[in-house]
Amino acid sequence: MLKFALVMGLALSAFGQFSLTVRLKDGSGGVVPGAVLNLSGPKKLSGVSSAEGKFEFTGLGAASYRLVVEKEGFALVDEVVELNKSEEREIVLQPSAVAASIETVSRVAESTFRVPFFVSTVTKAEMEKIAPQSFDDVLRTVPGLQHATQGNAFVRVATRGQRDTADVLTLVDGLPLRQFNGSADLIMLPLQLVQEADFVKGPSSSSYGRSAIAGVMNFNTVPDAPSPEAITGFLSAGFGSFGTKEGFGGGSIPLGKGRIAGSAVVSASDWFQKNTGRDNRAVSTLFDQTFASRLQLRVSYLGSDVKSGRGSIVPLLNGQPLYGIRPEDNYGIPGARFEGTLNSITPRVDFDLGSGFVLSNTFNFNRYRRFSTGGITILPAETVSNKGYNESTAVQDTKLNDTILTHRMDRKAFRSSLVAGFSYEGGSQDQDSPTFANAPTYRGPNYDTPVAGPNAGNDPRGIRGAITSSYFTQTITAFHLQERLEFWRVGVTAGFRRDSFDQLLRRSDTPVQSGNQRSRTSPRFGVDLNALRTSAIDLILFGNYVEGFRPQVPALSTLNNVIVAQLLRPELTKSLDTGFRFRLPRGTSFQGTYFHMRKVDGQRSFRSGPDDFFFVNATTRVKGFESELKTRVKQHFIWTNYSFQDSRHIEFRPTLTTNFSGYRVRMAPRHIAGMGGILQLHRSLTFSPYWSYVGQRPLRDNIVNPQVLPSYALFGASVSYDYKRMRFIVAATNVGDKYYIADDFSAQNAGSPGVPRRVTLQMKYRF
754 MLKFALVMGL ALSAFGQFSL TVRLKDGSGG VVPGAVLNLS GPKKLSGVSS
804 AEGKFEFTGL GAASYRLVVE KEGFALVDEV VELNKSEERE IVLQPSAVAA
854 SIETVSRVAE STFRVPFFVS TVTKAEMEKI APQSFDDVLR TVPGLQHATQ
904 GNAFVRVATR GQRDTADVLT LVDGLPLRQF NGSADLIMLP LQLVQEADFV
954 KGPSSSSYGR SAIAGVMNFN TVPDAPSPEA ITGFLSAGFG SFGTKEGFGG
1004 GSIPLGKGRI AGSAVVSASD WFQKNTGRDN RAVSTLFDQT FASRLQLRVS
1054 YLGSDVKSGR GSIVPLLNGQ PLYGIRPEDN YGIPGARFEG TLNSITPRVD
1104 FDLGSGFVLS NTFNFNRYRR FSTGGITILP AETVSNKGYN ESTAVQDTKL
1154 NDTILTHRMD RKAFRSSLVA GFSYEGGSQD QDSPTFANAP TYRGPNYDTP
1204 VAGPNAGNDP RGIRGAITSS YFTQTITAFH LQERLEFWRV GVTAGFRRDS
1254 FDQLLRRSDT PVQSGNQRSR TSPRFGVDLN ALRTSAIDLI LFGNYVEGFR
1304 PQVPALSTLN NVIVAQLLRP ELTKSLDTGF RFRLPRGTSF QGTYFHMRKV
1354 DGQRSFRSGP DDFFFVNATT RVKGFESELK TRVKQHFIWT NYSFQDSRHI
1404 EFRPTLTTNF SGYRVRMAPR HIAGMGGILQ LHRSLTFSPY WSYVGQRPLR
1454 DNIVNPQVLP SYALFGASVS YDYKRMRFIV AATNVGDKYY IADDFSAQNA
1504 GSPGVPRRVT LQMKYRF
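Numbering (this note's numbering), first residue to last: 754 to 1520.
Mixed in with the good hints, there may be bad ones.
Said to hold, decoys possible - Dumping the calculated DSSO-like pairs for lysine-lysine here, alpha-carbon to alpha-carbon at most 27 Å:
id	residue 1	residue 2
1	Lys-1387	Lys-877
2	Lys-1517	Lys-1387
3	Lys-778	Lys-797
Simulated from the structure, these hints should not be mistaken for laboratory data.
Let the sequences and hints guide you as you build the complete structure.
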């Protein structure tokens, strides 16, 4: 009998006749439905817990498996299961105020609690209660951020003293949203599409290459599937201040061993400045299918179309607006505008090779058409200037191919996660820009009437001249490698990426070309220690050293009436972080980190005459502290954050006789803070107030005794009410109607006003 049982056991193991039944419960003993369970090992299986909090994996052989359980509002469960017979296992999920896992750090799923970097997440549950209308709304719980829009078109998210739009890498569903110079036109991403967001602080060039200098933010746009067997979705309509009207919807439909999902937005707004309306249409779709349990195909598409008028800036004296100019006043040239069309399609294949190896290949084709004008500049009275009209039409085509091999190994003593990849990015940009000359000049306080002179009767734009065409090509090849090893309570992450660039710029008005061939290696090293793990507290200590870079795009500039190639050294950012995070039972999480960043060879450009420019490299240093606290108290979610940063130029010498070394970097406040929550007043009623504070900031850093912008604090709130399948949200931002300057403009004595008080009503039907 013993021999027979042994033979039968071996046969069952070989033919995979074992099963693993998982029952999920919360801390009070209640069941947890709708949790996602992933089992990896000799077989890779996944599922969603039933209404009874149960899921069964079948057809398993005797082996070691990795079981990962994720559910919003609960901490990630990640454990090894040694299976040698059919068994049933009960798992108690612990509440959590942060997302359980994150892929944005290293492009593979990792525990948010264990990664040795400062990461901040905005979950779907948070997004659904606030009806966000700006990136400030979406990322309000992320510490140390500034948000601004220049002239109703160019949106900026700045952090850790880095304020260039190319310093923070923007990802949409894991793919870069950027131009060739690394900048991201965030206006192309309508916020209604955003389902959730991640923000990783510090350089991440080891995973993403260029532009991941101060951080990486990833916005997910595809609705999830709460149930793999049911059709789910929503339809919504909204109305708000400044003539805002919007309609959007989305959903998920099961299809075979996968689904079809997507969301779409149509919106229109007059906006707060006169003649600056914005129209937006966008769609995000996903086709996801699994074949033979080992092969998964995903095809996604993102399309966006934007038309937006541009608003003028505000001249400033002692940090205050001049001449009683209000936020809604617009002295820009009529017809100044921004228009953009983005089409991006991405097929991805994941192939499970067995033994813990997964091979993934992602290909993306992106076409971006953009028409943009200037013509919004107005300066203080002592300056007589034209309104700076310029115009450009650009078409950018980009092809990106990423091949990544991952390997996971789980043992009782250690856990290994290896990522190796090769990427190719190539593309071109065609741009046409007409010249304009002899434009009228203006002087305050009357910016509508030209200053008397020979040009006073000309078109406000100036006299249109010949069109200058430029053609820019860029090829980037890269290899990256990273290993994460967890042993006992210690985790070590080490990796690097090698990028090689080949860039060429040609222009129709000159035979001079500007070419650039560069390479850069970006290392990353991090360590984390689970220093204290009891039934009452988990404490993680972590530290990291990483580098990031951004190549300077070749330029053709005029110097002493001669066209010359401008080739600056690539920017290099070195960053050191040390921090800790802990979590308590029932969903309290805190993290804090001290950071020290040094950017070498940052580019600065200056106008020295009507047609003369000169460029210099500057070195800056930023050090500071960031912290966030998120907690769940019964049904309430409460958050608070605080950041201190000291951002200064270490070396900044525009000329042989001028030295701005030691000056604070423009628009970099020392203090940024915020607090708020989602308070469950009733089973169907929530109240979500918030307060945000940005400290004093120098308007400029390239003049002696620059103006200092005063600090400002903003209050806002939203109320959400659920009735059956309907949800009604009333949201108000800047309730006190604070007049503040949100951003500077091209290092001039003028700035972009922040958004006045705004109220929005949103109605959503869920099915």
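Right, here's what the structure says about each hint:
This hinted pair checks out: Lys-1387 and Lys-877 have alpha carbons roughly 19 Å apart, not beyond 27 Å. A threshold of 27 Å between alpha carbons decides the hint, and for Lys-1517 with Lys-1387 the separation of about 26 Å falls inside it, so the pair holds. Proximity of Lys-778 to Lys-797 is assessed by CA-CA distance (about 24 Å); at most 27 Å being required, the pair is judged to hold.
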